[in-house]
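Visitor: Please model the entire structure based on the sequences and the hints provided.
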Amino acid sequence: MARSAGTIAPPVEALPAVAGRRRRVNWPVVALLAPALILVLLLFIYPLADGIRLSLHTKSGNPFANYGDFFRDARQRDTIWNTLRLALPATLINLAVAIPLAYRMRRVVHFRRLLTGLFVIPMSLGTVLIAQGMLTFFGPAGWFNKTLIALHLVGEPQRLVHNRTGVMISLIISEFPVTFLILLAFASGIDPNLERAAQMLGANTWQRFWRIVFPLMIPGIATAFALSFVATFAVFPSAVMLGQPAGETRVIAIAAWQAAYEQFDYASASAIAIIMAAIEVLVLALVLGARSRFYRGPASGGKG
Amino acid sequence: MSAQLQTDPRRSAGIGPATGDRPAPRIERLRIRALTKQFGELAALSAFDLDVRGGEFISLLGPSGCGKTTALNCLAGLLEPDAGQIELDGEDIVRTAPERRRFGMVFQNYALFPHLTVERNIAFGLRMQRVPNARIGERVTPALDMVRLREQRDKYPAQLSGGQQQRIAIARAIVTEPRLMLMDEPLSNLDAKLRIEMRTEIRRLHQSLGLTTIYVTHDQEEALSLSDRVVLMEHGVVRQVGTPREVYLEPSSAYTANFLGARNLLPVQIAALSGDRVEVATTTGITLTGRPRGAFSADEAAIAAIRPEHIVLHPAGQDGINTLPGAVQEVEFMGQGTQLSVQSALPEEIIVRTDQDAWSVGDRLTLQFPPDRLFVFPDEGEG
Numbered sequence: 000m001a002r003s004a005g006t007i008a009p010p011v012e013a014l015p016a017v018a019g020r021r022r023r024v025n026w027p028v029v030a031l032l033a034p035a036l037i038l039v040l041l042l043f044i045y046p047l048a049d050g051i052r053l054s055l056h057t058k059s060g061n062p063f064a065n066y067g068d069f070f071r072d073a074r075q076r077d078t079i080w081n082t083l084r085l086a087l088p089a090t091l092i093n094l095a096v097a098i099p100l101a102y103r104m105r106r107v108v109h110f111r112r113l114l115t116g117l118f119v120i121p122m123s124l125g126t127v128l129i130a131q132g133m134l135t136f137f138g139p140a141g142w143f144n145k146t147l148i149a150l151h152l153v154g155e156p157q158r159l160v161h162n163r164t165g166v167m168i169s170l171i172i173s174e175f176p177v178t179f180l181i182l183l184a185f186a187s188g189i190d191p192n193l194e195r196a197a198q199m200l201g202a203n204t205w206q207r208f209w210r211i212v213f214p215l216m217i218p219g220i221a222t223a224f225a226l227s228f229v230a231t232f233a234v235f236p237s238a239v240m241l242g243q244p245a246g247e248t249r250v251i252a253i254a255a256w257q258a259a260y261e262q263f264d265y266a267s268a269s270a271i272a273i274i275m276a277a278i279e280v281l282v283l284a285l286v287l288g289a290r291s292r293f294y295r296g297p298a299s300g301g302k303g
Numbered sequence: 000m001s002a003q004l005q006t007d008p009r010r011s012a013g014i015g016p017a018t019g020d021r022p023a024p025r026i027e028r029l030r031i032r033a034l035t036k037q038f039g040e041l042a043a044l045s046a047f048d049l050d051v052r053g054g055e056f057i058s059l060l061g062p063s064g065c066g067k068t069t070a071l072n073c074l075a076g077l078l079e080p081d082a083g084q085i086e087l088d089g090e091d092i093v094r095t096a097p098e099r100r101r102f103g104m105v106f107q108n109y110a111l112f113p114h115l116t117v118e119r120n121i122a123f124g125l126r127m128q129r130v131p132n133a134r135i136g137e138r139v140t141p142a143l144d145m146v147r148l149r150e151q152r153d154k155y156p157a158q159l160s161g162g163q164q165q166r167i168a169i170a171r172a173i174v175t176e177p178r179l180m181l182m183d184e185p186l187s188n189l190d191a192k193l194r195i196e197m198r199t200e201i202r203r204l205h206q207s208l209g210l211t212t213i214y215v216t217h218d219q220e221e222a223l224s225l226s227d228r229v230v231l232m233e234h235g236v237v238r239q240v241g242t243p244r245e246v247y248l249e250p251s252s253a254y255t256a257n258f259l260g261a262r263n264l265l266p267v268q269i270a271a272l273s274g275d276r277v278e279v280a281t282t283t284g285i286t287l288t289g290r291p292r293g294a295f296s297a298d299e300a301a302i303a304a305i306r307p308e309h310i311v312l313h314p315a316g317q318d319g320i321n322t323l324p325g326a327v328q329e330v331e332f333m334g335q336g337t338q339l340s341v342q343s344a345l346p347e348e349i350i351v352r353t354d355q356d357a358w359s360v361g362d363r364l365t366l367q368f369p370p371d372r373l374f375v376f377p378d379e380g381e382g
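Chains as they are written, first to last, in numbering that gives the first Met the number 0: chain S, 0 to 303; chain E, 0 to 382.
Just so you know, the hints here were simulated from the structure itself, not pulled from any lab data.
A virtual CB, placed ideally from N, CA and C, is assigned to each residue, including glycine.
Treat the hints loosely; a few may be bogus.
Stated by the list, open to error - Pair by pair, the computed Cβ-Cβ distance ranges are: (1) S:46 x E:63: 32 to 42 Å; (2) E:195 x S:203: 31 to 41 Å; (3) E:129 x S:111: 33 to 43 Å; (4) S:117 x E:23: 49 to 59 Å.
Guide: So, in structure tokens, the structure goes:
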């Protein structure tokens, strides 16, 4: 009897966890996760939390006074617009150039390494180095203007540095590689039979691109946009060196820097940094939200 | 051009239930002459000739690398041949872009557009032809019904099984009412059971639509069961063209015979010729009588070939024409029959397929090669 009773009653371990019963901690998993968690905590969460805390630190007692000051002061408020006017066009121009180029190069095998190498060189140059080079190259007596004049394309040197154009060019140069490489990876991942199938169904080159390749590249385009936008929105050295840091290229990072290191007002500098982060998060949320409305699965037409 | 497509009554009659006889095909004939394609040093396709009548189902059959897919891609226009003509009802289409050929194509990996629903996949070709939206629905539904997938119209390809995906790919190609249907190993990604079901489905569609079809496969069973004619290829060259019965029963070369199941090939020498019989000697001195397939002279090297299922087994010690004693080396139970490897005085082990299940390793028996079933081919210097 005892034996049969033993087989009927389920073992205690097999019972579903009852509420209130302590869940077992999987220590090996925690141990493996710990280094990453600690890094994120120390390098991201803590500074962010501390930044928010600092930004709320005011003399007047109103915790949001620093935020209010920023938005009330037209000179400060305009930095958002100044930054967007650089970051958005630079990102969009890069995408507009990189999308067709990645599409063209998705099946090119010869020269691919060389071309990829060429496109990627700007990545290894720092922003400061690019800015230095551009100052001479695009300057009034630089090769670029000399060439334009020699070709009789312009009558007098064009002003290409110390304004918004200069900063924009430098942002395009430094952000192009990442944009291009991401898009190339996505374009190469599209099953070439999909285009052949579309072609057999009567689609010309343009229709094949717009109806098949482009929709399948959208996740890549969104990713490239997000990375490029975040990087360009934080522009600082080239805005100072190649732009008018007191005028049309007074970007939000300059405002934060001035608050911190010219006025030594860490609280309002923190508030500006938090505003900057909030705008980036907002744009990313918009882009990723839009991306989720499109197809995101594998870009192949069936079994490989 | 698309308006013409819609108003031609013969064309719109194309899609509909099977009515017994095949409907009139959309083309009269396809004529391919001296089609050649070189990939570097490799002659992928050499002087490929083929005549196809409207409504015919033709298989290009051969092992991988035989040039069958190259031929299909040249026909589709996806590859540009180095030389040769492709004439469709008298019009040379070699230089016509694929998107203007109005051919349908079904790919091995289905190639469905993953970001479009089943319905929009099928409608794609019609949109490219600028068929008005109202008409597109009218044509997509019957196409979905033809492949029995009407309930799946709003799903995405990834939500369907492999067999369903391939049926959608077929529907997508037939809905545009192509002049020629090209199929590139459409069943090779499916499991065995589904492959046989889909074979029947393709056969049924071909019967009811009368689509002129070029079908590429490496599977002899598929080629034999589906085709009106089979084109057997090797190294970019056509080896034999004929009805499934012709290529199976009357192979023209040792290669053809071997590819279509004559697994036993013996190097022999011609001993004597007399009308429709030829006597040959194996390297081990055995004399066999067979059917000559080609012109021979005495002492010439040749290849004797016989299918495993055509060899007759007798108890040990039996006498008769083309008999020799042997011993069973291996027994493989195949479900449908048994396959034996038999050691004998011949230079190689002979593979025998039999219905009898009574054999075991070490059994002694007598092999008999019926002279009608033993083909003797000229030796082409390759197996």
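Visitor: Could you tell me which of the numbered hints above are not met by this structure, giving the numbers in increasing order?
Guide: Checked against the structure, the only hint that fails is number 1, while the rest are satisfied.
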